[in-house]
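Residue numbers (my numbering), protein chains in the order written: chain Y, 87 to 380; chain A, 191 to 442; chain H, 191 to 442; chain P, 857 to 1102; chain S, 857 to 1102.
Worth flagging that the hints you see were computed from the coordinates, not collected in a lab. This one's a predicted model, so the numbers in the text were calculated from it and none came from an experiment. Treat the hints with caution; some may be incorrect.
Simulated restraints on C-beta separations [to be verified]: (1) P:Ala-988 x S:Arg-1080: 35 to 43 angstroms; (2) S:Gln-983 x A:Arg-351: 18 to 26 angstroms; (3) Y:Arg-335 x A:Val-251: 39 to 47 angstroms; (4) Y:Arg-335 x A:Lys-429: 54 to 62 angstroms; (5) P:Asp-925 x H:Lys-429: 24 to 32 angstroms.
Some residues of chain H that are not near chain P, with every Cβ distance over 12 angstroms (derived) [said to hold, decoys possible]: (6) Lys-216; (7) Thr-238; (8) Asp-424; (9) Pro-435.
Beta carbons: idealized from backbone N, C-alpha and C, even for Gly.
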Amino acid sequence: QDREKLTVLLDWFVNPDHAPLFVAQEKGFFSKRGLDVQLIAPSNPNDPPKLVAAGKADLAVSYQHQHQMQVDQGLPLVRVATLIATPLNSLVVLADSGIDDIADLRGKTVGYSVGGFETVLLTVMLQQVGLQLSDVNLVNVNFSLSPSLLSGKVDGVIGAFRNFELNQLDLEGHPGRAFFVEEFGVPAYDELIVVANRDDLDRPELRAFVDALEEGVQYLVNHPDDSWRLFIGEDRGDLDDELNRRAWRDTLPRFALRPGALDRSRYLRFAAFLHEQEIIDGIAPLADWAVELE
Amino acid sequence: MITARRLIIIAAGLIGLWQLVVLATKAPPYILPGPWPVLQAAIANGSTLLHHLQTTGIEMVAGLLVGTLLGTSCALVMIIAPLLRRWLLPVLVISQAVPVFALAPLLVLWLGYGMASKIAMAVLIIFFPVASSFYQGMRRTNRDLLELARIMGARPVNVLRFIVIPAALPAFASGLRVATAVAPIGAVVGEWVGSSAGLGFYMLHANARMQVDVMFAALALLSAVSLVLYFSVDYLLDKLIYWQPTQGVTHE
Amino acid sequence: MITARRLIIIAAGLIGLWQLVVLATKAPPYILPGPWPVLQAAIANGSTLLHHLQTTGIEMVAGLLVGTLLGTSCALVMIIAPLLRRWLLPVLVISQAVPVFALAPLLVLWLGYGMASKIAMAVLIIFFPVASSFYQGMRRTNRDLLELARIMGARPVNVLRFIVIPAALPAFASGLRVATAVAPIGAVVGEWVGSSAGLGFYMLHANARMQVDVMFAALALLSAVSLVLYFSVDYLLDKLIYWQPTQGVTHE
Amino acid sequence: MIPSAIHLDAVSLTFRDGSRLFDGLTMNVAAGRCTCLLGPSGCGKSTLLRLISGAADCHLDGRLRFDPDPPASVRCAWMGQDDLLLPWFSLLDNVLLGARLRGTLDRDHTERARELIAEAGLAGYEQALPAALSGGMRQRGALLRTLLEERPIMLMDEPFSALDALTRMRLQNLSCRLTTGATVMLVTHDVMEALRMADRIIVLGGTPVAIKTQLDLAGTPPRRPGDPEIIRHYEPLLEILLSEAP
Amino acid sequence: MIPSAIHLDAVSLTFRDGSRLFDGLTMNVAAGRCTCLLGPSGCGKSTLLRLISGAADCHLDGRLRFDPDPPASVRCAWMGQDDLLLPWFSLLDNVLLGARLRGTLDRDHTERARELIAEAGLAGYEQALPAALSGGMRQRGALLRTLLEERPIMLMDEPFSALDALTRMRLQNLSCRLTTGATVMLVTHDVMEALRMADRIIVLGGTPVAIKTQLDLAGTPPRRPGDPEIIRHYEPLLEILLSEAP
Ligand SMILES: Nc1ncnc2c1ncn2[C@@H]1O[C@H](COP(=O)(O)OP(=O)(O)OP(=O)(O)O)[C@@H](O)[C@H]1O
Ligand SMILES: Nc1ncnc2c1ncn2[C@@H]1O[C@H](COP(=O)(O)OP(=O)(O)OP(=O)(O)O)[C@@H](O)[C@H]1O
Ligand SMILES: [Mg+2]
Ligand SMILES: [Mg+2]
C-alpha cells in the first residue's frame, strides 16, 4: 500500500512516443516494484526538466539536445534512461513541391519551432549541399508545422517528427518527403530520454523505474496489438484514430530496447557536435549528466 | 432578458456566419473546418468534451471570482493609499505585459501542478480590467459628494462603502464585463501551465495531433459557454445598478 | 507628471521587489534569475534586444492604434444600430474566447507571415476593452441630455459627436488604459503566430536555448516599455478629459 | 412661425415603477400666449412640461394634441429644472448647442448668442466651462440656450429660480421679448413672477391633481412691478396657494 | 452645542484657473444667530459658504476663524445649491446619510428622520429613489439631511428655491425650529424669505465684491408674513437689491 510516489513529467501531450511508459503503467510493472507513478503532460516541452531540477517532480521526459543545453546552463540534471534511441527530427517538404533535394531550398521559406537547436540542424544540412542558413527565409511557426506546410505558407519545415508529421500530411492527402537529419551530417542521438535530479541518483526508486520501463518496452515489442489496446485504454479513447495508429506503427522500431543502457562515446560525440555548433559552451564530464543507474 | 428563442436565432446566425467565412475564404478544412464536420466531431467526442468542460468551467468561474476579488482589492488599496498606488500600479501594468511561458514554471514551482496554478494564471489575466476600471471609476467620484461626506465627519470606510463604491459601480461593471469576456481565455491559458484536463488542454492536444475538427468542437463549446457566462454577468450587473436603468441611445 | 527622478525611484523599487521575490522564494536561477545576472545578459545582448524591441514597439503602437480604431468603431456601430448589436456583441465576446493557436494558422493563411498577421492578433486582444467600455459609457449617457437633443431637432450624428461621445470619454479612457496595458502582450502573442523578429520571438528563442537570463532581460525591457507606454497614454487621457480634473478620493 | 395651441384631454400618466399621476386631467393652453403653471411641489408641473415636449418617460392615457401640429423636430424648446449644460462645452458653446446639434451654426447665430450672453450679464464668461460658473450663471446659460431656439412652443421649468431680484427682472423682460408670439408655458413658484409674465395663470393642486384655479390677466407682459393687474391679483392668488388642499 | 462666531479677515480667493474672487473681504457672523446672504448671481455667496464649510477648491489669502473653533469633523452642516442626493439611496437613506457615514445610525435617529420627512410633506416617499422625485421633493430631502446634522454652524445655499409658497413657509418654520441656537448662514434670492428668517441680513455686491449693506432685524425668526419688521424693511431692501452697483 505504501508505494513510493513518483511524478513523471512528459515532454508533450500523450502520444505514441510515450508508449512504454503507459504499457508499464497499465500492466502494473511500476506498482509491482512499489512505485506509484503519476504521468503529467505539460504544454511547453522546456519546462519539465526545470521543474525536476527545482525538485517539483522526480523525473522528466526530455530531448538529448535540450538536456545537454540545460546541463550546460548549470541545471543539476542527469539522464537516467532512454525512451527513443534514434533521432525523429527531420526536414519535411511536400512530395509534390518540386523540392527533391535540399539544395532546392535555396530562396525558399523554412518554418521551425525551437530556436537554436533546429536552426543548427538546418544549418548543418544545408552545408552538406553548399548552402548557408542565409540562403533560406526562416520563420518561427511555433509548432504549427503541418498547417503552415499544407497551406503553402512555408516550403519546408525543420523539427517535424518522421513518425508523426509525415503521417499527418499523408492523411491530409498531401504526402511529404522527409530528409532525415542523421543522413545529412548530424551525428545520431537519442530523441527522447528520461532525466532526474542529480541529488536523487541514489534513490532506489529510479532504478526500479528504469527496470519497469524496460519490461514495458519488452512487452510492447512482443505484443504490439495488445499494447495498443492498453495505450488507448480507459480514459485515453480519444487517442484512437488513424494518425495515432500509423504513428504507433512507425514508432515501434525506434524505442530503446535497453532503456537503462548508455552509449558513452555516442553521447560524447553529440556533445562535441553541439559544442562545435556553439549550442553549448563546454563539455562537462559525462558522469555529471548521463549515467547508467546501478 | 434573452429568451430561449432569441438564443437559438443567434446561435443559428453565428453558425451561418461561420459557414459563410469558410465558403468565402475557401479555408481548407485542416485550418478552418465547417460547422458540419465539427458538429460530427462534437457528437463523437461528446462525453470527453463535457468532461474537459467541467474542469475549464470550474477554472473560469473560480478565476472570475478570485480575479474580481483581487481586482477590487487592488483598486481599493490604490484608492485608500495613494502612496502605495505609486508602487502598485506599475506592478499591475507589468503583470499584464508578462507572457505565459515566462511565468508558467514559476507558478508551478510555487503552486504545483494542481488547480491552484491554473487558477492563478487565469486570475492574472482576469483581474486587471476589474482593478483598472474600478479604480478609475472611484477616482471620478463627484467631488462635491466627497466634500459633503467630509463635512459630515464621515468615517473613511463609510465614505467608500456608501459613496465611492456605489458611484464607481457602473465603471466596475464595465470592467467586469471585459473580465468576463476574457475569463475563458484565462482558463485556457491557465491550462497551459501544465495540466491533464480542461478544454484548453484538450484543444492543444487536438491541435498537436491535427484533429482540427475536434479542436473546433471544443472551441465552439468554449464559445457557447463564454456567451452564457457573459450574458449572465451582463444581466446581473444591470440588476446591480438598479438606480440607472439602461436604455438605448437611439430609439429602438 | 511623472518626473525623471520619480521614474528612477520606481524602477529601483521594482528591481528591489524582484530581488526580494528571488530571495524570499528561493527560486532557482533557471526559473527566476535575479536582477544582476539579467542586467549582465541585457548588456551583453544590448543591440540584439534593441533590434527586436523595434519590431515589437511598432507592433504595439500599430496594434494599439488599429485596436482603438476598431474598438471605437464597434462600439459606435452597436450604439447606432441596436439591431446589429445583437449579432455583433456575441461575435465580439467569442473573439475573446478563442485561443491564439486556433487562430494562428487562419491568420497566416489570410495575411501571411508579415507584420499584418501579428498586428491583427494584437488588435484582437487590444480592441475589446475599448469597444466594451466605450459602448457601456455611451449607453449610460444622461437620458435628459438625449431628450434635450431630440427636442432640439438634432441630427443623430451630431448627438453622437457633441453629447454621447464626450459623455462616454471617461469610460473610453478607462477601457483604453486596459487596452494599453495589454498591448505588449498583444504584440508578443502576435509574434507567436509565426515570426522572425520581435521581443516575443526573441524570448521564445532564448527560452528554447535555455538562456533564461536573456529571456528575462527581454522581459524586463518589455516591461519598461509597457510602463512608458501606459503612463504616456494615461497622461494624454487625463488631458483629453479636460473638464474633469482628476483628484484623489482621499486627501494626499 | 405660427404658434400652436396645446390640448390635453383626460390625461393620466403611469410611470415605469407603476405609480400614477393625474387622473383624467384636461387643460387647454392658448396659442401665442404665456401660460404660467403654479402648484405645490411634486404636483406634476415638470412632468407636464416633459410630456408636452415629448421627453416624459411614462405611459400616457388620454390625448395630447397640438393645433396646428408642427413636426416634432421643430415643435418645442424645453428648459428643464436642471440646467443640463454640457460640462465639456464653454458657456458660449452651450448656448449655441441647438444650432450646433442641427448643424446650422453660422456667424450670425454666434453673434446673436454673444449679444444675449452680454445682455444676461455674463459678458466675459463666454469661454468659461460650466464647472467654473455659479448656479445662477448656469441657469442663465440654460435659459439663453432655450430662448435661442425660437420655437412655436416654449417650455420653461422654473427658469429664474436661482437668480437675484435684479437679474431675475432683467431676464424676465428678455424672455418676454424673445418669446413674443410663441406659446409659452412657464413653471414657477414665484407668484409675482407669474403675475408679471403670464397671460393666463393655471394653479394646479388637489388629489388627484387637477386645475384648482385659472386666471386670465389683462395687459401685455412683462408688467411693471407696480402694475394694477398685479396688485389686484396678488393677495387672492397667494391665498389660494397658501390654502391647504381639501 | 456651543455655536461659533465666524470671522473672515481680508479674504481673497484664487481659483485653480487663476481667476480671483473677493479682494480683502471682511465679514463677521454672529454666533447663534441666523445671517442671510443676499447678492447678485455670481457674486460669490456659494463660494463663501463652501469656504466656511471647507469644501472650496481654491486658494485662500487672508484669514478664516471660528470662535470657538470646534473640530472640523463636527463643525458645520452644509447644504449646497445642488441637492447632492445619492441616486442609489432611497429618500430616507439619503436623509439619514450623515449618521450612516459616521456609523452612528440607530432606531431613534431613523424614527426622527421619518417624522421630519412627514413634516416636510414627503410621507409615503421614504423608499422612493431620487430619480422618481420632483425637484422640490429632492430639495426638501437635501434640507432634511442637513437639518438632521445639528451642528454649531449650519450653512444653507438657497435651500427653499424650488418650493411653492406654502411648502416653503412650512419648511422655513421647520428650519428655524431645528436650527435654534446654531449659527446659521443662509443664502437666498428671496427678500421676503430673508426678512422672515434672518437676525441679520448681509447684502453683497460691487466690484470687487464687498458688503454693500448690513441690516439687523428685531424679533425672533421666523416672522409672520405681516410682521411690521418685514413691512418696514421690505421696500428699502428691494431697492438696494434692484439698484445697479456703481
Ligand atoms: N471652480 C471655479 N473656477 C473658477 N471660477 C469659479 C469657480 N467656482 C466659482 N467661480 C466663480 O466665482 C464666482 C462666484 O461663484 P458663486 O457660485 O460663489 O456665486 P453665487 O453668488 O453663489 O451665485 P449664484 O447666486 O448664481 O449661485 C462666479 O463668478 C464664478 O464664475
Ligand atoms: N420617473 C418617475 N417615477 C415615478 N414617479 C415619478 C417620476 N418622476 C416624477 N414622479 C412623481 O411625479 C410627481 C410629479 O413630479 P414633478 O417633477 O412633475 O413635480 P413638480 O410639480 O415639477 O414638482 P416641483 O415643484 O417640486 O418641481 C412626483 O410625485 C414624483 O414623485
Ligand atoms: Mg418640477
Ligand atoms: Mg450660488
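Against the structure, the hints come out as follows:
no., hint, result
1, P:Ala-988 x S:Arg-1080: 35 to 43 angstroms, "holds, 41 angstroms"
2, S:Gln-983 x A:Arg-351: 18 to 26 angstroms, "holds, 20 angstroms"
3, Y:Arg-335 x A:Val-251: 39 to 47 angstroms, "holds, 43 angstroms"
4, Y:Arg-335 x A:Lys-429: 54 to 62 angstroms, "holds, 59 angstroms"
5, P:Asp-925 x H:Lys-429: 24 to 32 angstroms, "violated, 48 angstroms"
6, Lys-216, "holds, 54 angstroms"
7, Thr-238, "holds, 47 angstroms"
8, Asp-424, "holds, 19 angstroms"
9, Pro-435, "violated, 9 angstroms"
The structure shown violates the earlier hints numbered 5, 9.
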